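These protein sequence lines map, in sequence, to chains W and P.
Okay, so the first sequence: first residue is 1 according to my numbering, each after it adds one.
Okay, so the second sequence: first residue is 1 according to my numbering, each after it adds one.
Rather than coming from a laboratory, the hints here were simulated on the basis of the structure.
Bear in mind the structure is a predicted one, so any value in this text is a computation, not a measurement.
Treat the hints with care, as some may be off.
Said to hold, decoys possible - Derived coverage of chain P by chain W (criterion: at least 3 residues anywhere in the stretch with Cβ under 8 Å from a Cβ of chain W; other residues may be distant):
(1) 151-158
(2) 162-176
Unchecked claim - Selected chain W positions facing chain P (in silico; Cβ < 10 Å):
(3) Met48
(4) Gly79
(5) Phe82
We treat Cβ as the ideally placed atom computed from N, Cα and C, and that holds for glycine.
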Amino acid sequence: MTSYLQLTGISKAYGDVTALSKVDLSVEKGEFVTFLGPSGSGKTTTLMIIAGFEKATTGDVLIGGHSISAMAPHERNIGIVFQNYGLFPHKTAIENVYFPLQMRDMNRANGLKKAADMLGLVGLMGLGDRYPKELSGGQQQRVALARALVFEPSLLLLDEPLGALDKNLREQMQIEIKRIQRALGVTTIFVTHDQTEAMSMSDRIVVFDAGRIQQVATPLDIYHKPEARFVAGFIGESNLIEAVVVDPDKRTASSAALGEVEFAPTEKAMQGRPVTLMIRPEHMRLSRNPIEGRRNARMTIETIVNYGDNALVIGNVGGKHGSMPMRVRVLGADVVILKEGDECSVSWMPEAVYLIAS
Amino acid sequence: MNRFLIILGIIAVVFVAAPLVIVIPMSFSNARSLQFPPPGYGWGYYEAYFTDMRWLRPTYNSLIIAAGTTVLTMILVVPATFALVRHRFAGKSIADIMLLMPLAVPHIVMAVGYYSFFGAFGLVQTHLGVILAHTCLSVPIAFLVLSANLKGFDRTLERAAQSLGASPWRTFIHITLPILKPGLIISALFAFVQSFDETVVAIFISGRNAATLPRKMFDSIRQEADPVIAVVSTLLFVLVLIGIVAPPLWAAIRARIKAPSALSTIEKRP
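Next comes chain W alone, as it looks inside the complex:
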């Protein structure tokens, strides 16, 4: 059983510069997959190769088992929402949505009716006669979405479509896009560098860095079980501790700043192997004195970043062999008793220490 969309061994080189190397990916029909990574990580290049605007140096793109690599962009039947929407300024909203149907030589009356229905689905009933410049950013976004969906594309590509919107509108559009995507069941690839967007919207996340796929997993697995140091650092806040495995059976590793650290059960621990240990800030606790039953370390508070409902306390932990910054998530109600410069105890459970082979 083959997957709906398959990328096999995609590479892209610009002269001597490798933009993508050996990208393999399978996406199931109806799935919402997010490409997440910093700029220049290869996520947009991959999207453009799927769309046909870039040619892969090696590898193949298949939809439903058939290669589309030799097709021109206009033959691929793939809907795209661009970062700046790409609405045609000389056409009204409904003419924009009608355009793909016009290109498919659909009868004008039927096409306009279908375009109007699609505008209704994205919540723009009655605004069809407006030109793009007469619409707000969020409305333009919806027109672009309607236009990319009206011709029932085999794939929907969203290229950082929410980047230009303010925070509230962005959250609203995240929910809208998910609703519409579910309603139509269209297989979707969403490109973003915003990790919260990726976490909240995706069935699966593909993390890109330096032209390679670092990990493909569900949002929860990406967060809790990162397979690469980059993934742990890029998604969410994390404390990453360089260590060397001392005893795989007792699950101990030694680090310069914290001495011997016990980690959660894993199959990746081999004696003498250099690893990265990850502890999420919300798995740590601050207290005046060490807490029994937990692993404790002394910490000097350096910075408190207050978010209202919670705060991030950044302190310094260390002994004679070295020190490292440590980030601890504290509930907003508890942060009032903390001051920068305070000495306190930071503690965690060994189960919260996740080992990443590096």
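Following the hints, complete the assembly by docking chain P onto the known chain W.
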């Protein structure tokens, strides 16, 4: 300070506009030669202009030559602009410079060149000769206007069109061309006006057969100071004024009377 600036502004405007304004009353003059203020007024010289083939012929020549120049210029400039703005190729910067050269070389130098060069081909004193020469002068101007427009063109729109199923050719017809239309019109207008106004090259190569209006005006003022010149000037001035005022006026009118389109009736159906 403020009042001083206003007065300065008024002086500047008067200084710039005065020659234009003086020409208008002179065109209604009944004096035998150019004279200001006119001793009396009448329509005499307008009648003279519209009945005298010595004036109508050059007017006609100018229109034909300017129209031909515009068409030829656009045929050359549109593909050249797309190539030079969008693609990189060997010799591009040389092509760029060659295209803009006529802007830097004095017209009189070009005129002398054309006179001897076209003479060898029998193109002197022909409409075609003047059209070819004027095209060389119009190309850089039209190119500058159009390339500025094309550089500002968002290519995402073309990608969007292609992703929506438009072939490259249909993308050009449905998206690129309509969006660039204002730029193309202005570019063509500049080519037309440049040819219609051009005097130096016209004096050298238009001869008697293809004499343009500016050439005729120049000859006339040198020989007889015929007040018909004032008439022609006034007419040209009014034409340009209409050319400047009409487009925004037309846009305003169209926006006012924009009838509800067929689209809205479909969309508002329950």
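How the hints compare with the structure:
As drawn, the stretch 151-158 of chain P meets chain W at 3 residues by the rule of a beta-carbon pair under 8 Å; at three or more, the given contact holds. Residues of the stretch 162-176 of chain P with a Cβ under 8 Å from some Cβ of chain W number 11, which satisfies the need for three, so the listed coverage holds. Hint on Met48(W) holds. Least Cβ distance to chain P is approximately 9 Å, under the 10 Å limit. With a least beta-carbon distance of about 7 Å to chain P, the hint placing Gly79(W) at the interface is held under the 10 Å criterion.
Against a cut-off of 10 Å between C-beta atoms, the interface hint on Phe82(W) holds, since the closest Cβ of chain P lies about 5 Å away.
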